[in-house]
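Asker: Chain by chain, the residues run as shown.
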Amino acid sequence: MSAVIEIEGLRKTFHSLRSGRRVAVDGFDLLVEAGQVHGFLGPNGSGKTTTLRALLGLVRADSGRMTVLGEPSPELLPRVAAQVGAIVESPQFFGNFTGHRTLRLLARAGGVPVSRVDEVLDLVGLHDRGDDRVKAYSLGMKQRLAVASALLKDPRLLILDEPANGLDPAGIREMRDLMRSLAANGVTVLVSSHILGEIQLICDHVTIISRGRRVAAGPVDEVLAGYDRHEYLVRVAEPERAVELLHAADLPAAVDGEALVVSGVSDPTMVSRVLGEQGLWVGELTPLRPDLESVFLELTGAYEHPSVPRQVDDSSLPHDEAVIDLDRGVGA
Amino acid sequence: MNLVRAELERLCARRFVQLMVVLLVFAFAITAATTLAGSHKPTVSELNSARQQAVEARRSMETTHQECLARQKERSPADTSEYFADCANLDPIRQDRLPIAADFLPGVFSFAEQAESLLYFLIAFLVLFGFLVGASYIGADLNSGGVVNLLLWRPRRLTVLAAKLGTLLGSMLVLSLLASVAYLATFWVIGQSAGLPGRLDDDFWSSLGAVHGRGLVLVLLASAVGFAIATLGRHTSAALGAVAAYAVVWELGGRLVLEIIDVRRSDQLMLSSYIGAWLSGESRFFDPRLCAGTSGTGYCSGLYSLTWAPALLVLVVLTGGLTVAAFAVFRRRDLV
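Top to bottom, those sequences are chains Z and S.
Positions 22 to 353 (our numbering) are the ones given, in order, by the first sequence.
Positions 92 to 427 (our numbering) are the ones given, in order, by the second sequence.
Derived by calculation from the structure, the hints in this document are not laboratory data.
There could be a bad hint or two in this list.
[Said to hold, decoys possible] To be clear about the criterion: a stretch of chain Z counts as covered by chain S if any three or more of its residues have a C-beta under 8 angstroms from a C-beta of chain S, and this derived list gives those stretches:
#, segment
1, 73-87
2, 112-126
3, 129-140
Predicted model, so just to flag it, every value in this text is computed and none were measured.
Glycine included, each C-beta is placed from N, C-alpha and C at the ideal position.
Let's have the full structure, built from the sequences with the hints guiding it.
Answerer: Here it is, written out as structure tokens:
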């Protein structure tokens, strides 16, 4: 598959008189290939939006190489801009303009047929509210309008920064369906979000950033598999006795409430057999698969101080050897 | 072209622009209405009386001049008092204007006499309009993320900024032309129907045209300055603050300090002097320090002047410098 977005060694430092020098992105790499729905995850302040802004030419990178649809960005970004739809953070629109007028002005500025405006308003569920002023829109409706603005160009590449911000559950589901349908029609989607469950549901690939560096990248299933400890939740009548029996069979186990958790299980029938042979019948045997949230929190260090409020810059610094890149190999 | 059309629609749709246009129309209507209400068509006897008074006033000026010349002939060579200083200043021929009948027609609007001052009022409003609209047009867009939205569509910063500036200047030029034509035409009609048209000869029209042309240039320069400062400061308020700070710190405070430390020709260091000189063609300033070395050697008026050419140069360099700086900064700025 051809690369739609390539970022290598992106570095961006912000300077200010008040807070001095702050490294926002520190040698970050990203690869998005054609047809992917690629999740871009990271804690607040980890550098996600700065990366997207640099990619789209809104901030100047200190160093690094970026390409969008094969063209170096930001130098030759104008060549492919007509094929890239993007929203970065929550775009602000003039409150006094209607949604329809807002999109019409953008369409006119970008040389897109104005007839496309009604299509995208329909697509994001704003067809009946297109003639309302934007200031009367809810946060979710403004977000839909932002997505509509990104879709106006009928893009080959869609970059969405927190598209689910402010959406209600039904809106989140509609956004998910929309992205799936776009992907099915060959649109490559790069989506950053804090709603990890959503990313897991809609993305086939993921890149996780922490403190400006990539800490994980690759197909979602494989990233999750890298953190699978092969744990099972077991419910039996006598958990303490069961733990002793499992230890004796070289299966590490620990009581967890009214159940127990067994680790390093390559074959779950072993658990049933060890306990059954001693007359302890298993009532429940559930695999504990890692989800994206647990992997994300582990990779970004958000579990380290459970009793202390975590600050935005408290995410962990990745170590090179810890970086998971399933496209390029561990430690790449 | 599409970008300019879109920008034009955005500019026209802005509430602030619409409000300023309403204010312009309102001020225009109030001025026209009060002029119309306070003027009447002079009767034949009023006209005859006014003509007579004008003739007498001119005759009086001539008499004063002749008396001065006579005194000058009679004075002794040693007498250098200012009373005999320079009769040329009293010469009617050297006056900017001589009394005319319209000067003696109270309550009668004369278009020829008042068109220029009315035009100055309109230009002052349009300069303020241009500056505020120029500043808010880009300032609000930078602040609200509108520019970022636009750059996601057209990732050519200089093109986008130039389109905005070009749209602003083009719109201001068209609006100023339309407003001034409508404004002058209205007062011309008032002069014809409820006052006096006055002497509308070639000199009048060329003089009014020159003021009008210089006024339009000033409106465009003010618009560009507002736009440039707001771009540099990222906010509309940056432009307003910069102008307020300049006025207070330099035009008021600086002027006071320059007076205290006896700087010669201090008015030459004030931007307002150049604006006045450009608009009127020439501004004269009085500075008694200029006469410090001439005491006893002859008459010294203490006057010096600024003409429109150096004034235009200063205004263009200032506006050009700010605009170039705005484009240079915008080209490299991080839009966060």
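Asker: So, for every hint listed, does it hold in this structure?
Answerer: A quick look at each hint next to the structure:
1. 73-87: The restraint on the segment 73-87 of chain Z holds, since 6 of its residues have a Cβ under 8 angstroms from chain S and three suffice.
2. 112-126: Satisfied; 8 residues make the cut.
3. 129-140: This one holds; 4 residues, not fewer than the three required, reach chain S with a Cβ under 8 angstroms.
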